[in-house]
Structures are given as structure tokens and as C-alpha cells.
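Protein chains: 2
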Amino acid sequence: MRRREPDLTVRELDTPVLTVDLDVVERNIASMQARYDEAGFRLRPHIKTHKLPAIAHMQLRAGAPGITCQKLGEAEVMAAAGIRDILMAFPIVGASKAARFAALAAEIDMAAVGDSETVALGLSAALAERGASAGFLVECDTGFGRTGVQTPDAAAELGAFADSLPGLSFRGFMTYPTLPATGDFFAAAVEAVRARGLEPDWVSGGGTGKERWDAARGAGSITELRPGTYVYGDRTCLADGSISVEDCALHVRATVVSRPTATRAMIDAGSKALTSDTAPTLEGWGQILEHPEARIYLLNEEHGYVDVEACAVQPQVGDVVTVLPNHACGTTNMHDEVVAHRNGTVVGVWPIAARGRLR
Amino acid sequence: MRRREPDLTVRELDTPVLTVDLDVVERNIASMQARYDEAGFRLRPHIKTHKLPAIAHMQLRAGAPGITCQKLGEAEVMAAAGIRDILMAFPIVGASKAARFAALAAEIDMAAVGDSETVALGLSAALAERGASAGFLVECDTGFGRTGVQTPDAAAELGAFADSLPGLSFRGFMTYPTLPATGDFFAAAVEAVRARGLEPDWVSGGGTGKERWDAARGAGSITELRPGTYVYGDRTCLADGSISVEDCALHVRATVVSRPTATRAMIDAGSKALTSDTAPTLEGWGQILEHPEARIYLLNEEHGYVDVEACAVQPQVGDVVTVLPNHACGTTNMHDEVVAHRNGTVVGVWPIAARGRLR
Numbered sequence: 014m015r016r017r018e019p020d021l022t023v024r025e026l027d028t029p030v031l032t033v034d035l036d037v038v039e040r041n042i043a044s045m046q047a048r049y050d051e052a053g054f055r056l057r058p059h060i061k062t063h064k065l066p067a068i069a070h071m072q073l074r075a076g077a078p079g080i081t082c083q084k085l086g087e088a089e090v091m092a093a094a095g096i097r098d099i100l101m102a103f104p105i106v107g108a109s110k111a112a113r114f115a116a117l118a119a120e121i122d123m124a125a126v127g128d129s130e131t132v133a134l135g136l137s138a139a140l141a142e143r144g145a146s147a148g149f150l151v152e153c154d155t156g157f158g159r160t161g162v163q164t165p166d167a168a169a170e171l172g173a174f175a176d177s178l179p180g181l182s183f184r185g186f187m188t189y190p191t192l193p194a195t196g197d198f199f200a201a202a203v204e205a206v207r208a209r210g211l212e213p214d215w216v217s218g219g220g221t222g223k224e225r226w227d228a229a230r231g232a233g234s235i236t237e238l239r240p241g242t243y244v245y246g247d248r249t250c251l252a253d254g255s256i257s258v259e260d261c262a263l264h265v266r267a268t269v270v271s272r273p274t275a276t277r278a279m280i281d282a283g284s285k286a287l288t289s290d291t292a293p294t295l296e297g298w299g300q301i302l303e304h305p306e307a308r309i310y311l312l313n314e315e316h317g318y319v320d321v322e323a324c325a326v327q328p329q330v331g332d333v334v335t336v337l338p339n340h341a342c343g344t345t346n347m348h349d350e351v352v353a354h355r356n357g358t359v360v361g362v363w364p365i366a367a368r369g370r371l372r
Numbered sequence: 014m015r016r017r018e019p020d021l022t023v024r025e026l027d028t029p030v031l032t033v034d035l036d037v038v039e040r041n042i043a044s045m046q047a048r049y050d051e052a053g054f055r056l057r058p059h060i061k062t063h064k065l066p067a068i069a070h071m072q073l074r075a076g077a078p079g080i081t082c083q084k085l086g087e088a089e090v091m092a093a094a095g096i097r098d099i100l101m102a103f104p105i106v107g108a109s110k111a112a113r114f115a116a117l118a119a120e121i122d123m124a125a126v127g128d129s130e131t132v133a134l135g136l137s138a139a140l141a142e143r144g145a146s147a148g149f150l151v152e153c154d155t156g157f158g159r160t161g162v163q164t165p166d167a168a169a170e171l172g173a174f175a176d177s178l179p180g181l182s183f184r185g186f187m188t189y190p191t192l193p194a195t196g197d198f199f200a201a202a203v204e205a206v207r208a209r210g211l212e213p214d215w216v217s218g219g220g221t222g223k224e225r226w227d228a229a230r231g232a233g234s235i236t237e238l239r240p241g242t243y244v245y246g247d248r249t250c251l252a253d254g255s256i257s258v259e260d261c262a263l264h265v266r267a268t269v270v271s272r273p274t275a276t277r278a279m280i281d282a283g284s285k286a287l288t289s290d291t292a293p294t295l296e297g298w299g300q301i302l303e304h305p306e307a308r309i310y311l312l313n314e315e316h317g318y319v320d321v322e323a324c325a326v327q328p329q330v331g332d333v334v335t336v337l338p339n340h341a342c343g344t345t346n347m348h349d350e351v352v353a354h355r356n357g358t359v360v361g362v363w364p365i366a367a368r369g370r371l372r
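One line per chain: the protein sequences are A and B, in this order.
Here this note's numbering is used: position 29 in the first sequence is 42, and no number is missing along the way.
Here this note's numbering is used: position 292 in the second sequence is 305, and no number is missing along the way.
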């Protein structure tokens, strides 16, 4: 009788390596979808967190009506992987990008956001030339100070303008993130656009985390949210209490390559594996699961500096550790591939297909 | 008569896009090589800055004896591109990496650094199995507090230990960066290893910038330096006075996608195009060449926030601007390709071949 080869586990992988636990991902997707269903929101996941067609399809199978992309290159990858409903949540500017958007819109359901006539005119021209059509949501700055029109009246005016253009249909409003002031802004925008004879059927908020959720629940007009990070979780989510460490799916496995002193260990994951991303709520650059007392206090490009003074068990050169990164979306973006596993057993090495699609 | 097509220029490229001016690169390589020749240092460029075989070959043609890599995957890419002399400046830990190092050493001149017996033993075992040999430099912590042995005696002891192992020849010492204390450390290490009957012929310092240079000039025993950033320059080099803005070769071209207010412009380059990398000497996340008064005061993943209040000419939606990034090495690492040009005329679109080679 032929003996079955033992399964490959994440413990055998060379480092630094990005890993994702699909059991945890599926659990996160199911629980978030259930929460949205109960609250009556559509869940349109932002794929910037994972950039993986397989996980986007998991999200759709769980009940998402479509996905959100930030870059056209991401949307092209996702469309090529069979996804048929995409909201572009970043303003599309320039003839080249508008033509690519129109090419997608000729094949699948596409919608765009914009906060200027320039964006609407560019999209309309490209769509008309292609004989295609797409939905248009007016991006509103409801207090965050990023992109977006500044007043509900301006939102309604731009919506009516876009709706008058060939190829574009006004659908509603969009913002990032969902803030306490978002509800009042959207209510006024809905009223103002109704006064112009248009009925919004798509009002989209964004952001992961408890505050965003509470704000969305309080904003009567919101029909969908575009969370991203919930699918993986990260150290930022852990710090704000929106996820537990057991529900974090994405890790960077790293090797201790040097123990120069009794208090310092160096690992082979620096800012090129973990990013320099941080958050006001965080100290340091990741959490080492095997050594909760350790502190990653500095990153160079390929070096992670770890203060191990407080560690009960001292890490040795050659030990492999599991780092929970500060920011899942940024970390995904550093890696060309991710090892998918289930509770440590490897199920595949996936190219991060939409990584680096900056245009 | 057939009319010649006009040359493609960087102005016609869609954004965000990474560009490198080869005229400037060649000038930087030539002037740094001349400076090293005059000072009597070998220049072993660190290719982490550009990750491009073509530029590594430019550096070799100008007089570099070989290159420096941080990751084995980078070394494999460079060896595959015909480069025959590589120093691995990061400790190689684990049997898989040691075997890959030995495979390279069987084909080309390879040297490794290490600060522990574990590293030396692993390399030796793999080299012996392969029937290959390589040089070994002891990494010394001369004051930076990263990797490296802590004392000159420990350096000499590890050097002698490595030299006693099959496949490894002790060559000398290495540190990063070159600090005022480096010279004394190296002098003592050289003396201590001579007392053990070994003669170091390779003493390697690192780091770009005036301070590092002055420290290296003061450290009598240094035979080579491993600068990286000089080839491109960046905003950090500009701030420390080691380069002028005209000698900066690497830029990210970005489009103004939104003008939500009279003082704010948003560009399509965020932390996924520019990195979150910053430095104590810098404010903000890049310098816009066309609008010197503008301030990139915040980055999200795909959004750059620009304060344009002080700008004499106000940027409009659709304008393309040229951003000098904070950190050349980090920025290169975000992009899958770079557009090579000469004074704006495109000469090629180069895959950043060693990007993402984290292992």
C-alpha cells in the first residue's frame, strides 16, 4: 500500500511569507454578511484588502451583489476572473481610463463615482463612443476632508448633470467613511435631488469598524456599505475592538535571523514585507503571536527590530514566528503571492492578481 | 516619404506611473564612481534601490567590482541577468536559503555576512554539500543597534570560526551604516583577527549621505562602501544636502483627480504608489515639482492629499504632476514596472525584476 505524503503545512514555508487562513476568512465573510442581512444593508466588499479573485467570489457566494474596486486595473483583473458587478470608488480622470471603464461597462455592470463635472463628462464621452452605459454616484465629503462635493445641493446638482449626459444614469450618493454627520448630509442630498425629479436608489457608505457601523445604522438613507478589512482583520481592527485575534486571517511568517543582544531579536520581515503603515492607536509594527510580550519597535526595509526583554521564552536564531500586521490592505500589497491554508495545512499558493494594478 | 512618428514622452503616460531618467542615473553613477576612485574605496552598489538588472550593469560598467543584495531572490534575479559577483548583506538563515546560496556560489562569486555561528554553520553545510565555496564577512554592530556582533573580539572570534569551516573563507568585516565609531571598531577587529593569524582584505561600510562618507573617510580600514540611494536620489537625500533636485532621477507622475475645495487637491498617488515611508527630517509625503508651494500632507492607500493654498498657479482636475518621493528604495518596491526615459523621451518600460523577491 502506498503511503500518503504528509500535508504541507505553513510551518515548512520559507520566510518571509504571507499566509491567509481560509477557514477564518469564510467565517468572517459569513458573519459580516449575516449582520448586514439583518440590518438591511447590501454588502459590497472592497477588494483592495485581498486583491484576490477567489476571495471576491467567496464574498459574492455569501450574498454580496457585487464588489468595490479602487483602481481600474483591479476591476479589469476581477472582470477577467468572472465578476460581473463592480463599483469604481475612485474618480476616473483622463481619456485613457475613461475608455477602459467604458470597455468594461460594455461587458458587465459598472458604476462610477465622481465629484466633478470633469469626471462625468469624461465617462459619458467614452461610454457614448462605446455605446455602453453605467451608473453614476456622486461622491460626497460628509466630513472626512478627502474627495467629494462639499454640500448636499452640490451633490444633487452634479447628480442631475450626470444624469443628463449620454451613457450615464444617476443612481445615488457615495461617501467614505461613514461618519456621524453622514446621515444628515445624505438626507439633504436625497431631498435636493428628488426636488430635481430624480430618485436615488443607491446610497453607499464605507469603512470597517464599530464607529462606522453605528454611524451607518443611524443614517436612514444608506442602502449599502463597502467594508474591506473585515475579511482578514488586522492589528488596527484588534486595537479598535472590531475583531478578536482568533478572527485575524492574514499573517506574515518571519524568521529570527539574529540575536545581537540579550534584549534584541531581528526578524527577516521589514517595511517591504509589513509596510510602514501605522495608526494613531498602535505602537510598533505588528504583533508576534508566539511571543505576546515581544515588541516590534522599528522596521528597516528588510529588518524588523524586536524587543524581547520581557519574553518568558527567548526566541532563538532560526525560530519562525507569526506576525499579525498593522494593516491588512497595505501588507497584501507588498506581496506577489499569498499562501492559502486551513488551520495551517496549505491549500494553495495564490498570485495576488490585482496587486500593483496602480492604474 | 514616410514621416517619422513623434517620440513617446512621459507626458503621455497614464498615471500613477514610476519614471526614471537614465541621463540623470548615468550622471549619478559616474560622479559617485569618480569620487570613490579618488578616495580609494571600492563601490559595491546596493541594488535594493532600483532592483533593475540594467542599472546594475551600468554600475558595473562604471567600475563597480560587484553588487550588494539584501535578499537571495534579488541575487537570483541579478545572477540570471549575468551578474557574477554578489555580496549578500543580510544574514542567511535556514537550510532552504543556504542551499540556494550554495547553488549561486557554485556558479558565480558569492560572499555572505553573518553575526552568529548558526549562520556560518548553515552556509558551510550547504556549500560543502554542493562542493562550492564563498567568502564570509562578519557583520559588526558599530553603533546602529541592528544586526551584528557587539565587540571587535566577538567579530574576530566568529571570523576565525567561519574560516575553520568547509566552504567558507574569512574575508573581513561589514557594517551598516558607517558611523563615527565605526573606524575604531574595525581597527580593533582587524587587530584581533590578525592575532588569530587571519588577514582581512575586505572591510565594508554602508549608507548614502555626507555623514556616512565622512565617517568612512575617517575609518582607516574600510576598503569598500555599499551605497544604494545615490543612483536615484530622493527627498530624504535632498533634505540632507547630499543631492540636488536636478540630480533626482526617480519620480511618480500623478493626476489631480479632485479639487473638492479651494485649498485642497487630491492626486491618484497614495501610499500604494509612494509608500508610507517618511524620515525625521521630512514633512509630508513627497514634493510636487510643478508646484513647489504645494504640500502633500497625508496619504491614504490610493489618495494623496495636497494643500494647494499657497500655489501661485492652481492645479486643475486632469493636470498631471511630477512627485519626488520621500524614499527611492521604498517607492521602487511598490511598482511592478518603471518607465525609463531620457529627459522626458521614453526609452523603455522595464519590469522591476527583483521587486517582491522577499525570500
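Misleading hints may appear alongside valid ones.
[What the hints assert, rightly or not] Selected chain A positions facing chain B (Cβ under 10 Å, derived; list incomplete): (1) K84; (2) V269; (3) G343.
[Unchecked claim] Between beta-carbon pairs, the in silico distance windows are: (4) A:E25 to B:P364: 49 to 55 Å; (5) B:P364 to A:R97: 28 to 34 Å; (6) A:E130 to B:E306: 35 to 41 Å; (7) B:G361 to A:E120: 28 to 34 Å.
Since the hints were made in silico from the structure, they are not lab data.
Quick reminder that beta carbons are idealized off the backbone N, C-alpha and C, glycines included.
Exercise. Of the numbered hints stated previously, which ones are contradicted by the structure, given in increasing order?
Worked result: 4 and 6
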